[in-house]
Amino acid sequence: MVHLIVHLVEDAKLGGPAQYRWMYPIERYLGKLKSYVRNKAQPEGSIAESYMAEEHYISSSASTLFPPVGKPFGSFTYFSLSAKEKLQAHRHILTNCAQVDPFL
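Counting from 0, one number per residue, gives the positions in the sequence shown under numbering that gives the first Met the number 0.
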C-alpha cells in the first residue's frame with residue numbers, strides 16, 4: 000500500500016526521533032513515489048495509478064535472471080488421496096507433530 004507523507008507523523012510517534020533510526024530507506028521510497036506523480040493537481044490518484052500499473056507489470060513478467068537449465072530426470076505421476084487417506088494423514092500430523100501440541 001502506498002503511504003503518503005501525512006503518515007510520517009504517525010511513523011515518527013511509533014519509531015521515535017529520526018536521529019535514532021536510519022532514514023535512507025524512507026527517503027528512497029519517497030523519491031520513488033515522487034517519480035510516480037504525473038498530474039500535480041491530484042498527486043494521490045497519480046501515485047495510486049502508477050503503483051497499480053507497476054504492480055501489474057511486475058506480477059505478469061517472468062524473471063530471466065536465472066533461466067531453467069536442462070530438463071527433469073524421469074517421469075512424474077499425479078495421484079490424489081481419498082477422503083479417508085486425507086483424514087488419516089491429518090490425524091497422524093496432529094498426534095505426532097511436536098509443533099502442534101501447544102494448540103491441542
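Simulated from the structure, these hints should not be mistaken for lab results.
Some hints could be false.
[Claimed, not checked] Quick list of simulated restraints, FRET-style, between CB atoms:
(1) 20 - 58: 29 to 39 Å
(2) 89 - 58: 26 to 36 Å
(3) 94 - 36: 30 to 40 Å
(4) 50 - 97: 34 to 44 Å
(5) 59 - 103: 36 to 46 Å
(6) 58 - 36: 14 to 24 Å
Ideal Cβ positions, reconstructed from N, Cα and C, are used throughout, including at glycine.
Violated constraints from the hint list, given by number and in increasing order: 3
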